[in-house]
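J.: Full structure from sequences and hints, please.
Quick mapping for you: the protein sequence lines, in order, are chains A and B. Read in order, the letters of the first sequence are residues 1 to 313 in my numbering. Read in order, the letters of the second sequence are residues 1 to 313 in my numbering.
Check before you lean on any hint, since a few could be wrong.
The list cannot tell twin chains apart, which means a pair is met if one copy fits it or any two copies do.
Taking lysine-lysine and the DSSO-like style, the derived pairs with C-alpha atoms no more than 30 Å apart in a straight line are [as the list claims (entries may be wrong)]:
1) Lys156 <-> Lys295
2) Lys218 <-> Lys156
3) Lys250 <-> Lys218
4) Lys156 <-> Lys281
5) Lys230 <-> Lys247
6) Lys35 <-> Lys270
7) Lys296 <-> Lys10
8) Lys10 <-> Lys230
9) Lys296 <-> Lys270
10) Lys230 <-> Lys218
11) Lys35 <-> Lys7
12) Lys281 <-> Lys7
13) Lys270 <-> Lys281
14) Lys247 <-> Lys74
15) Lys156 <-> Lys296
16) Lys270 <-> Lys218
Calculated from the structure, these hints are not laboratory results.
There are 2 protein chains.
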Amino acid sequence: MNEIVAKVLKGDARSIARLITLAENNDPDVMSAMKDIHPHTGNAYVIGITGVMGSGKSTLIYELTREYRQQGLKVGIIAIDPTSPFSGGALLGDRVRMMELATDDGVFIRSMGTRGMLGGLTSAVYDVVEILDASGKDIVMVETVGIGQAEVDVIKIADTTLVVLVPGLGDSIQTIKAGVMEIADIFVVNKADRSGVEQTIAEIESYIDIANTDRDRKTPVLSTIAKESKGISELIYEIDKHREYLKKTKRFDAQRRKRYEAELVEIIRKRLMDFIFDEPKFTGKVESLIDQMSKKEVDPYTAADEILGKILK
Amino acid sequence: MNEIVAKVLKGDARSIARLITLAENNDPDVMSAMKDIHPHTGNAYVIGITGVMGSGKSTLIYELTREYRQQGLKVGIIAIDPTSPFSGGALLGDRVRMMELATDDGVFIRSMGTRGMLGGLTSAVYDVVEILDASGKDIVMVETVGIGQAEVDVIKIADTTLVVLVPGLGDSIQTIKAGVMEIADIFVVNKADRSGVEQTIAEIESYIDIANTDRDRKTPVLSTIAKESKGISELIYEIDKHREYLKKTKRFDAQRRKRYEAELVEIIRKRLMDFIFDEPKFTGKVESLIDQMSKKEVDPYTAADEILGKILK
Chain A
1 MNEIVAKVLK GDARSIARLI TLAENNDPDV MSAMKDIHPH TGNAYVIGIT
51 GVMGSGKSTL IYELTREYRQ QGLKVGIIAI DPTSPFSGGA LLGDRVRMME
101 LATDDGVFIR SMGTRGMLGG LTSAVYDVVE ILDASGKDIV MVETVGIGQA
151 EVDVIKIADT TLVVLVPGLG DSIQTIKAGV MEIADIFVVN KADRSGVEQT
201 IAEIESYIDI ANTDRDRKTP VLSTIAKESK GISELIYEID KHREYLKKTK
251 RFDAQRRKRY EAELVEIIRK RLMDFIFDEP KFTGKVESLI DQMSKKEVDP
301 YTAADEILGK ILK
Chain B
1 MNEIVAKVLK GDARSIARLI TLAENNDPDV MSAMKDIHPH TGNAYVIGIT
51 GVMGSGKSTL IYELTREYRQ QGLKVGIIAI DPTSPFSGGA LLGDRVRMME
101 LATDDGVFIR SMGTRGMLGG LTSAVYDVVE ILDASGKDIV MVETVGIGQA
151 EVDVIKIADT TLVVLVPGLG DSIQTIKAGV MEIADIFVVN KADRSGVEQT
201 IAEIESYIDI ANTDRDRKTP VLSTIAKESK GISELIYEID KHREYLKKTK
251 RFDAQRRKRY EAELVEIIRK RLMDFIFDEP KFTGKVESLI DQMSKKEVDP
301 YTAADEILGK ILK
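T.: Written out as structure tokens, the structure reads:
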């Protein structure tokens, strides 16, 4: 394990990939590796990109990555969306673009499924962000579809969050309104060559007028046409501005602190669940309580109390 | 609390609504109420309805409810989707339909947000299903949008799960493919008056041919036009057939057992988290560990160990 960590710290792509796989699989050795990784983290700037399906998030990420690469920055990309071009099932044009990134040593792309992950998506993503951070990436982008609760939780890892919308898609704001609009640090109206762009911007602006609680900063609304590389440098400029704003107002440290808190909560949750449901001395008890619940001999809350009584001091 | 429970068991709508609100708010008295509720549960048949936005899930639920009401059955509806007509923000036609249900004593409708719920969505939904069950509802329908992880987890409460798709919406299968297609007990192609319905059905059929692992039963694909009440009795017939199949093959009890297991896991998770993060004797320790994590003096895993060492036997 020490060897993998040493190689990860040097940016070796194969070792990064291996360590991430171990983290996703909840491998018992990962914990000690993550302990060694942690002191080397904190340098990467994390950008969250969320928005409805079909809003062109991946193309936007591709364009941002190209710009950052031209600035000499190293980029990590985490795609948490089974339909993302980064996850494979994509159109030819997308695949060509992704291939270009995949062959660049300064870019590491990882696609993560949201389902069937035993340890929970969020805790795995924390690990992956730390691994990419320690591996020397200057920018880590996390892409999620802006609808589910777990997906919204994940994006809270980001220092700057972009919410991507498109014109015309009538209910696109409606669709993501609850919970997602609030987390935007920057709104991006992509595919701005489509009709209805002014109306979409106006709707977002009126949302901001009502919802904005931060008196020091108004959430910017940018339009982009990612496929034609339009609006990308303006977007990077706004991301930089947000970053400076966070640092100047001490919000940066406060946000990072929240991220650590969330990470701690996740690890504790995972460890406790493993402890209760994987320990042979408990599983028998758990099974018999579930039987009793099925027969209505015991209610779920009393059953939970019995288990907790056995493990808590 | 005893009084509320007694009224819930008699089906009193106001008491049902009050107890649900208390459960959502994680009220300390709810636990004892839920203990009294539990012995009266297990009669309601739970139908999960999931699918992309705009697939007409709510209209389908409305039509199913009308049919079940004509059979003399009582119906509970839980809408977990901020954009659902059941949650308010709906078109006039939808609102008129919802109003019709709202004034029927044999129907109870509850809309739940997926966000900002401290205790976690899943555990609240378990409570709500138990409350509606104990209140004498024969059918409980749970509506979620079929994309997020939490939303997919929720639908696992159901005895029979409908996955609703629409023709034409090219990527509608693509969109929900990962994770959601698998949970379908019945596929419903709604808005079947639209063009492309044959192709959508063919795509689903070819998915089933590849993915179906249950040799005893092939997942049926039905088409409906919910707005014109078309295909509804056929759908109810298929739901009944699936129910009989579950009972005949003993899968029904196995599924219910899994539901109880998931419920137990949820309650334990919630209780442990409350215990650690709300107990005054721990919060100071937690805060100082987060500070140390921020300064890279301690890694998240070691911090988690320190907390766990204090609470576990």
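J.: Does each hint fit the structure? Answer for all of them.
T.: Results for each hint:
no.: 1; hint: Lys156 <-> Lys295; verdict: between (41 Å within a copy, 20 Å between copies)
no.: 2; hint: Lys218 <-> Lys156; verdict: within (19 Å within a copy, 41 Å between copies)
no.: 3; hint: Lys250 <-> Lys218; verdict: within (17 Å within a copy, 59 Å between copies)
no.: 4; hint: Lys156 <-> Lys281; verdict: between (37 Å within a copy, 27 Å between copies)
no.: 5; hint: Lys230 <-> Lys247; verdict: within (28 Å within a copy, 59 Å between copies)
no.: 6; hint: Lys35 <-> Lys270; verdict: both (16 Å within a copy, 27 Å between copies)
no.: 7; hint: Lys296 <-> Lys10; verdict: between (57 Å within a copy, 20 Å between copies)
no.: 8; hint: Lys10 <-> Lys230; verdict: neither (34 Å within a copy, 63 Å between copies)
no.: 9; hint: Lys296 <-> Lys270; verdict: both (29 Å within a copy, 22 Å between copies)
no.: 10; hint: Lys230 <-> Lys218; verdict: within (23 Å within a copy, 49 Å between copies)
no.: 11; hint: Lys35 <-> Lys7; verdict: within (15 Å within a copy, 54 Å between copies)
no.: 12; hint: Lys281 <-> Lys7; verdict: neither (39 Å within a copy, 41 Å between copies)
no.: 13; hint: Lys270 <-> Lys281; verdict: both (18 Å within a copy, 22 Å between copies)
no.: 14; hint: Lys247 <-> Lys74; verdict: within (21 Å within a copy, 57 Å between copies)
no.: 15; hint: Lys156 <-> Lys296; verdict: between (40 Å within a copy, 20 Å between copies)
no.: 16; hint: Lys270 <-> Lys218; verdict: neither (38 Å within a copy, 36 Å between copies)
Checked against the numbered hints given earlier, the structure breaks hints 8, 12, 16 and satisfies all the rest.
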